[in-house]
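All chains should be built: construct the whole structure from the sequences, respecting the hints.
Number of protein chains: 2
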Amino acid sequence: MKQIDLMKELHVSSDKKIVLLVLDGLGGLPGSEGKTELEAARTPNMDRLSQDSILGLSTPIAPGITPGSGPGHLGLFGYDPLEYQIGRGVLEALGIGLELNPRSLAARGNFCTLDPATGVITDRRAGRIPTEQCASLVEKLSVIEIPGVNIIIRPVKDYRFALVLEADGLFDGLTETDPQKTGVKPLAVKALSSEAEKSAGLLNQWLAKAFAILKDERPANGCTLRGIAKDPGLPSYREVYGLNACAIATYPMYKGLSRLVGMDVLKAGDTVASEVETLKANWGSYDFFFFHVKKTDSAGEDGNFEAKVKVIEETDALLPQIMALDPDVLIISGDHSTPSVMKGHSWHELPILLYAKNIRKDTVTSFGEVACMQGGLGHIRHLDIMPLALAHADKLTKYGA
Amino acid sequence: MKQIDLMKELHVSSDKKIVLLVLDGLGGLPGSEGKTELEAARTPNMDRLSQDSILGLSTPIAPGITPGSGPGHLGLFGYDPLEYQIGRGVLEALGIGLELNPRSLAARGNFCTLDPATGVITDRRAGRIPTEQCASLVEKLSVIEIPGVNIIIRPVKDYRFALVLEADGLFDGLTETDPQKTGVKPLAVKALSSEAEKSAGLLNQWLAKAFAILKDERPANGCTLRGIAKDPGLPSYREVYGLNACAIATYPMYKGLSRLVGMDVLKAGDTVASEVETLKANWGSYDFFFFHVKKTDSAGEDGNFEAKVKVIEETDALLPQIMALDPDVLIISGDHSTPSVMKGHSWHELPILLYAKNIRKDTVTSFGEVACMQGGLGHIRHLDIMPLALAHADKLTKYGA
Chain A
11 MKQIDLMKEL
21 HVSSDKKIVL
31 LVLDGLGGLP
41 GSEGKTELEA
51 ARTPNMDRLS
61 QDSILGLSTP
71 IAPGITPGSG
81 PGHLGLFGYD
91 PLEYQIGRGV
101 LEALGIGLEL
111 NPRSLAARGN
121 FCTLDPATGV
131 ITDRRAGRIP
141 TEQCASLVEK
151 LSVIEIPGVN
161 IIIRPVKDYR
171 FALVLEADGL
181 FDGLTETDPQ
191 KTGVKPLAVK
201 ALSSEAEKSA
211 GLLNQWLAKA
221 FAILKDERPA
231 NGCTLRGIAK
241 DPGLPSYREV
251 YGLNACAIAT
261 YPMYKGLSRL
271 VGMDVLKAGD
281 TVASEVETLK
291 ANWGSYDFFF
301 FHVKKTDSAG
311 EDGNFEAKVK
321 VIEETDALLP
331 QIMALDPDVL
341 IISGDHSTPS
351 VMKGHSWHEL
361 PILLYAKNIR
371 KDTVTSFGEV
381 ACMQGGLGHI
391 RHLDIMPLAL
401 AHADKLTKYG
411 A
Chain B
11 MKQIDLMKEL
21 HVSSDKKIVL
31 LVLDGLGGLP
41 GSEGKTELEA
51 ARTPNMDRLS
61 QDSILGLSTP
71 IAPGITPGSG
81 PGHLGLFGYD
91 PLEYQIGRGV
101 LEALGIGLEL
111 NPRSLAARGN
121 FCTLDPATGV
131 ITDRRAGRIP
141 TEQCASLVEK
151 LSVIEIPGVN
161 IIIRPVKDYR
171 FALVLEADGL
181 FDGLTETDPQ
191 KTGVKPLAVK
201 ALSSEAEKSA
211 GLLNQWLAKA
221 FAILKDERPA
231 NGCTLRGIAK
241 DPGLPSYREV
251 YGLNACAIAT
261 YPMYKGLSRL
271 VGMDVLKAGD
281 TVASEVETLK
291 ANWGSYDFFF
301 FHVKKTDSAG
311 EDGNFEAKVK
321 VIEETDALLP
331 QIMALDPDVL
341 IISGDHSTPS
351 VMKGHSWHEL
361 PILLYAKNIR
371 KDTVTSFGEV
381 ACMQGGLGHI
391 RHLDIMPLAL
401 AHADKLTKYG
411 A
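Taken in order, these protein sequences are the chains called A and B. Numbering-wise (my numbering), the first sequence opens with residue 11 and increments by one. Numbering-wise (my numbering), the second sequence opens with residue 11 and increments by one.
For the record, the hints were derived by calculation from the structure and aren't laboratory data. Incorrect hints may appear among the rest.
Since the list gives no way to pick one copy over another, a pair counts as held whenever it fits inside one copy or between any two copies.
In the EDC-like style, the derived pairs of lysine to aspartate or glutamate whose C-alpha atoms are separated by at most 20 Å in a straight line are [what the hints assert, rightly or not]:
no.	residue 1	residue 2
1	Lys225	Glu142
2	Lys353	Asp312
3	Lys408	Asp312
4	Lys18	Glu93
5	Lys12	Glu93
6	Lys12	Asp90
7	Lys27	Asp338
8	Lys26	Asp125
9	Lys353	Asp404
10	Lys371	Glu43
11	Lys408	Glu311
Right, here's the structure in full:
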């Protein structure tokens, strides 16, 4: 039986509350002092909590696999990332705050440069035009109309934009139009199944109109579409776990990912402190709180060890306010590692702390990567986290007689 | 998604080099002094390396399962041994250095003793005739011809021989002719599917001719065929991992197993020292080196604790020459355990050391079974080793956006 079906079968209600505190990109590698960001950070509250918790290391997808933000969070949410895949177009749309519905088909768009005489691509990224220029081009493309279709187009960053078509009968399973090399013309969208023919036709219509509008622009006189996809239609948190769940996050992509699993997305401001205020204000209304801290990842991506340490310390300083709400289960981990020394996501396991009132405590007394190697949880996978959280919140009944 | 498909999708090229150092049968159990062979061996170089590495224990197939050499290596190579199976006939042929091709059908042969009057088997192993007698009988059988078929037959050891037919349209899925008991006649080869009918017919023709030739021999006046199989057609290392891989091994079976996954098999002499020379001479030409040390297993099979210790020490003494090549990733482990006290393969986990330049170090400072229980890798499976090796060599890109 698949885990998700087991959860559907076994979940029961209880009045207990679960907080999943995700520090994005939490896992690290040693910096110049021989300690990781988490180990270097002054985290007296997490360390104290670790004494009433069980700790360990968690693998997001599988050993050696570096996850993107989508798969990393799907794992945390208990949806097998190797089974459920979220298209790039959907993530791009979610990332800028577009809301998708079952009629939506989303694509990532790239402005590119075409040779005016031959139409072949000479620069797949149009010289990485600035975001302002991208916005002005998107403004021009926003006049495109196709009968029976609602078209949403928004600038993302540099040469990138997001395109969403809304209509009945749209399907994904479509090829990309970026040929991935210069010296050839952009491709047409092709349907990989007959049900997607209508979608391919509409996107090709849109592209023809876009090329006509862009033809005298320089350097961005063309565009390509990639990662054309629909909302994957994930079963909801209520359906799978029976949870009344909300998301407290500051960045659009994580709000969007939460919406994909049916969480209510709360207004949470821009800081960890404002997120904590949101948690407090909504404590009575939900039994599951996904609390997302973004800037650990941003700092890691920037290679800024000290900045990542500071975000961890800032979160640690707010932890007593979370604990004052008296959660029955609190998990602290991340979606993936983002070691500052690597300036990017990595495959390394995530330190994880599982606090619960009925926990089997281990001997670890601080929260850090090396300490967690000796933790009582051992090495788990992200997919194991939700069942463990539910169990410790009395939300799973016995399997079998 | 299967791991092998994930590897096909995610692998990227880098200029980094990986060495997989396999001490066959490395894992052990305590001898009279309370230490395993690896723990008893003086291994200053492995111990020093363990301080810059992450360690753990690896399960070849699944807990409690004792692997043969084929499945043990398939796991190390990243091919699920429960999915990909190599027939006994193929292993027997590879083990004596026969090269197989897609037209080959290989069988393991056993000489046996038949009752001259009734034709029933009286001894399934023909009194374990010496290898020289086996060779002389094989010489007599080598005259057998079947039109359109290239027939290769070679003595293996004692009463065992290897038979390979090469022809178009051969398939496996064939029954064995050894009835596994005495007092009954050898069986005929039967096809388990219609496509294998031709193969069954050819093998039965060959058997009829063989019985005619052997009828006046004593005690080996008959033979049986077992494990009739083709090369399983594994996807190659290049296809799965994008690796330009070579094998450095002294024994035919390991060379043959490496060939099955598309590794170049290098001339490596007969000793670990000559294997190291081969590694040095070919360092510039490959990015993956499978380096196989055989005699740890042979000593374990013989129940010779001291001899196994010596092979480990010999390998340790050569380790600085390997490290002088500056590999980006070095893994030291084994295909399966062969505890001297058990005189055979066992199911016990293998100690594993993973050295890489961007490793998350643990606190283990020596390489041994008990020390590895506290290792930062925890308990992994052989199948996890290749993804981890690739990740640490920058040869895997991110999964999902």
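To see whether the hints hold, each was checked on the structure:
Taking identical chains as interchangeable, the C-alpha atoms of Lys225 and Glu142 lie at most 20 Å apart only when both belong to the same chain, with a minimum of 19 Å there against 83 Å between chains. Proximity of Lys353 to Asp312 under the C-alpha cut-off of 20 Å is restricted to the intra-copy arrangement: shortest distance 6 Å within a copy versus 51 Å between copies. When the C-alpha separation of Lys408 and Asp312 is checked against a cutoff of 20 Å, the pair qualifies only between copies, where the shortest distance is 17 Å, while the shortest distance within a copy is 46 Å. For the identical chains of this complex, Lys18 and Glu93 are neighbours both inside a copy (17 Å) and across copies (17 Å), given an alpha-carbon limit of 20 Å.
Both within a single protomer and between protomers do Lys12 and Glu93 lie at most 20 Å apart by alpha-carbon distance, with minima of 11 Å and 10 Å respectively. Within a single copy, Lys12 and Asp90 get their C-alpha atoms as close as 9 Å, and across copies as close as 13 Å, so both meet the 20 Å cut-off. For the homomeric pair Lys27 and Asp338, the shortest alpha-carbon distance inside one copy (5 Å) is at most 20 Å, but the shortest distance between copies (46 Å) is not. For the identical chains of this complex, Lys26 and Asp125 are neighbours neither inside a copy (62 Å) nor across copies (38 Å), given an alpha-carbon limit of 20 Å.
In this assembly of identical chains, Lys353 and Asp404 lie within 20 Å of each other by CA distance solely across copies; the values are 13 Å between and 40 Å within a copy. For the homomeric pair Lys371 and Glu43, the shortest alpha-carbon distance between copies (14 Å) is at most 20 Å, but the shortest distance inside one copy (30 Å) is not. Taking the closest pair of Cα atoms, Lys408 and Glu311 come within 20 Å of each other only across two copies (14 Å); inside a single copy the shortest separation is 43 Å, beyond that limit.
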